[in-house]
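With chain A held as given, fit chain E onto it using these hints.
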Amino acid sequence: MNAVLALAKRNSLCYFRDRGAVFFSLMAVLIVVMLYLLFLRNMLIDSYPDTPGMGNLVDAWVLSGILGIVPVTTSAGALQTLVTDRESGRIRDFLVTPMSPAAFAAGNIISTFVVGIVMSAVTLAICLVYLYATGCPLSVTGAAASAILLIPSALSASIIMYAICSFIRTSGAFSGLFVVVSVLIGFLCGIYMPMGTMPSAMQTIGTLVPASHMGAVFRNLLAGEAMDEAFLGAPAETVDAFRSDMGFDLFLGGFQFDAATSLLYVLGITAVFFAVAVAMVARKR
Amino acid sequence: MSAISVRNLVKSYGDVRAVDSISFDVPEGSFFAFLGPNGAGKSTTISIICSLLDHDSGELKIFGRDVNDPDVKRDIGVVFQDPMMDPRLTVRENVTVRGCLYGLHGSDLDAAVGSALEKADATDFADRHYGKLSGGQRRRADIARALVHGPRLLLLDEPTSGLDPKTRKHIWDMVMGLNRGSGMTVLLTTHYMEEAADADDVVVIDGGRIVAHGTPSELKEEYSTDRMTLVAKDADEVRRRLESEGIGFEESRGTFSIPLRTTLESASIIQLLLDIVESYEVRMGTLDDAFIRITGGQGE
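Residue numbers (the working numbering), protein chains in the order written: chain A, 11 to 295; chain E, -4 to 295.
Bound conformation, chain E alone:
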């Protein structure tokens, strides 16, 4: 069964189609990345999935149930982009209140809060005020809140934005662990391409439409190119030889950039130019290249 199944989902604000007939499936237990530049419709889609927004048309099923079924909310844990909890309450108080709202009480509630704090690695600062936490701690507290009712699907809206690289990795590994370790389905939005590299499935959305969908390696294969960069001793000669061989290149101040079909192609080119080249570098295509290609380079 699919954790999320979306068919021809449409949501407009006035004349603007924020979500323009998108369809995708998130298999249960998978790690799904939703990518796109700002304003692409990622957050709108997330809001529709957690029933904060009604959609105009199309079908959206969560674990086989219609999204408007009230029980669906028990299956979903949401980590919002902005801080959502009360600054003057401790993390534990905040998470406990949210647990109550899902109908937990008594010793079940205490156990659920304890386990959520532990899974999110938030036990150390559980009794500090939410407003006094650092960015990374706050994010862990947010994740604990999202886990308190034991959801099967975890939605995270840009969980790593605004965090330093070390904290980002920590958060990322934790979310990854929840998915790989306990089989929780994870859907997250990000605009950090390198993060999406670990996902099972990547959907790139732009202008409300899905513009690419596949595994990270499929996207890299299809949309990014390997590239060779070389610094010439004699730029005119390099230019002449490349042109006579019919090899396409871009030149900028003595540095030549040559797109390759495969990295192996570089061997023959370097043989051709060995005596007139200062240095060279061969780089495999990255997901970042793919992203920029897919979204037409308009992203941030």
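Isolated chain A, as found in the complex:
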């Protein structure tokens, strides 16, 4: 095993063996699930009376949104190892090895990605089992496409979080960031409350967050069938209003994103953060 992969494996093990870290990195998800079960679900179902299968639809909707944020919060959790290494000085034990700074950064990004994709895959599996068990209409292609899209989703989350964490020096600052990310991400991606119910400025900010785009793509793939079924024969305006209110369609200014432009946007933002991360690694040398 080469040095980069060894470091990646070490970081991943440090995360997965720290039950507390795993639990807290899923805190945002738990908050969403609780809010949803306590009142959001009923509220949403009640606001669309006479629509059959609404329960299935909003279930699929919230789970897709969760799938969008899981890689973000778990990546952040995985990066705790790196921040602790820096703060405690344990990083010295790596700096005395012949490993280059670039290889060191690569190892850290890979482990962050691995944690993000493993946790996303587990989330997706749970979502699919739950939706299938509750009789939610699903398409096989939608599920398969979601599985493939976990890769760009986890990749962008890990690179963006890594770049942000390269500015962080202490565990205190990291905890602060972690709480802010965990709390905000649910709002910004329109999961705590649907996109359409937020003020327009918040909608714009939310739409700038790459995870919102992944959430929208996952909603179309996983909740699309349920939506078609629920709104069978409904007027086009009703469907369009639902799609934009619930964050199936995202708008920035007058521009409407589709799956392809959303993915392009995510990859573009990721590239920018990657450049920041590279610059930070280069600066340290």
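By construction, these hints were calculated from the structure, which means they are not laboratory data. Note that the Cβ used here is the ideal one computed from N, Cα and C, for glycine as well. Take these hints with a grain of salt, some might be off.
DSS-like, lysine-lysine: derived pairs with alpha carbons at most 30 Å apart [said to hold, decoys possible]:
# : chain 1 : residue 1 : chain 2 : residue 2
1 : E       : K114      : E       : K161
2 : E       : K161      : E       : K127
3 : E       : K164      : A       : K19
4 : E       : K127      : A       : K19
5 : E       : K127      : E       : K114
6 : E       : K127      : E       : K164
If you anchor each label on the Cβ, the simulated ranges turn out as follows [unchecked claim]:
#  : chain 1 : residue 1 : chain 2 : residue 2 : range
7  : E       : D10       : A       : E97       : 21 to 31 Å
8  : E       : M171      : A       : L277      : 54 to 64 Å
9  : E       : R69       : A       : A211      : 54 to 64 Å
10 : A       : L47       : E       : E113      : 48 to 58 Å
11 : A       : F33       : E       : G126      : 11 to 21 Å
Far from chain A, some chain E residues (derived; all Cβ distances over 12 Å) [claimed, not checked]:
#  : residue
12 : R12
13 : M79
14 : N89
15 : V92
16 : T162
17 : G176
18 : D231
19 : D284
20 : I287
Chain E alone, transformed into the frame defined by chain A:
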């Protein structure tokens, strides 16, 4: 060839010269002790040697190569003062990861990890989590990690601090064995003087400068004094006789302390005072005395 060759090494933090133009050589295969009170510049020097810190000026060669040559890192094994490995990984996992970082893989890696654990006497607890080890076990695990890539030079920053006396001796004997047995060059820092007694060479550093350098017996010879302590029956009479003979002494509550040039000198003094002395003791100078003399008694 010298394992380490340092010439006029300087490192400043702002206005503070942590390392102030020091020069020394560590011959290959020797056991070298670096002594000094806390904050003397020991750790800074170690950090420069293992290229964690850049120096401001001066020359530093490791086995004839400049310290910034990346290959130098393969020759050095470092045992840090603080725990460096991951508490939730086993010792073996930790050491294996570090081995990979030096480019080891496959069966070479397994063999290297096995041999390092054995040399450091860490095989018994190799599959326990690093975070669950006792202080002495952790130190052995740290040494195994430092040995995994087969370095020629082992640096240890206060390897025995915080350990109980028995464990300290165990660790010390092991490090000694690595040096005497396999010819590995060892440089360590300590503030336990008695440990430095076994070293080939001792450098005492204080305020970033080398204040003494020599073998333990040379340092003892030069900086420590033999001393006679006696308890008087009649303090006034003892004082009078010593003063009339012109013998220097310090007195404290009936106990007299007399510096000697050699321990033999005590014979004539005791003859002089035999009838008015309760008891006496003659003590050879120790490395501790030397250390305190050298560093002006400001150490811990």
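Results for each hint:
1. E:K114 to E:K161: 19 Å, holds
2. E:K161 to E:K127: Satisfied, since the Cα-Cα distance of roughly 20 Å is no more than 30 Å.
3. E:K164 to A:K19: Not satisfied, since the Cα-Cα distance of roughly 36 Å exceeds 30 Å.
4. E:K127 to A:K19: Satisfied, since the Cα-Cα distance of roughly 21 Å is no more than 30 Å.
5. E:K127 to E:K114: 21 Å, holds
6. E:K127 to E:K164: Status holds; Cα separation ~22 Å.
7. E:D10 to A:E97: 21 to 31 Å: 27 Å, holds
8. E:M171 to A:L277: 54 to 64 Å: For M171 of chain E and L277 of chain A the Cβ distance comes to about 58 Å; the hint holds.
9. E:R69 to A:A211: 54 to 64 Å: Taking Cβ atoms as reference, R69 of chain E and A211 of chain A lie about 56 Å apart, which means the hint holds.
10. A:L47 to E:E113: 48 to 58 Å: Once the Cβ atoms are compared, 56 Å apart, the range 48 to 58 Å for E113 of chain E and L47 of chain A holds.
11. A:F33 to E:G126: 11 to 21 Å: 19 Å, holds
12. R12: 23 Å, holds
13. M79: 4 Å, violated
14. N89: The assertion about N89 of chain E is violated, with a minimum of 8 Å to chain A.
15. V92: 4 Å, violated
16. T162: Per Cβ check, T162 of chain E is outside 12 Å of chain A; nearest 22 Å; holds.
17. G176: Non-interface label on G176 of chain E holds, nearest chain A Cβ at 24 Å vs cutoff 12 Å.
18. D231: The claim stands: D231 of chain E keeps its Cβ more than 12 Å from every Cβ of chain A (closest is about 60 Å).
19. D284: 35 Å, holds
20. I287: 31 Å, holds
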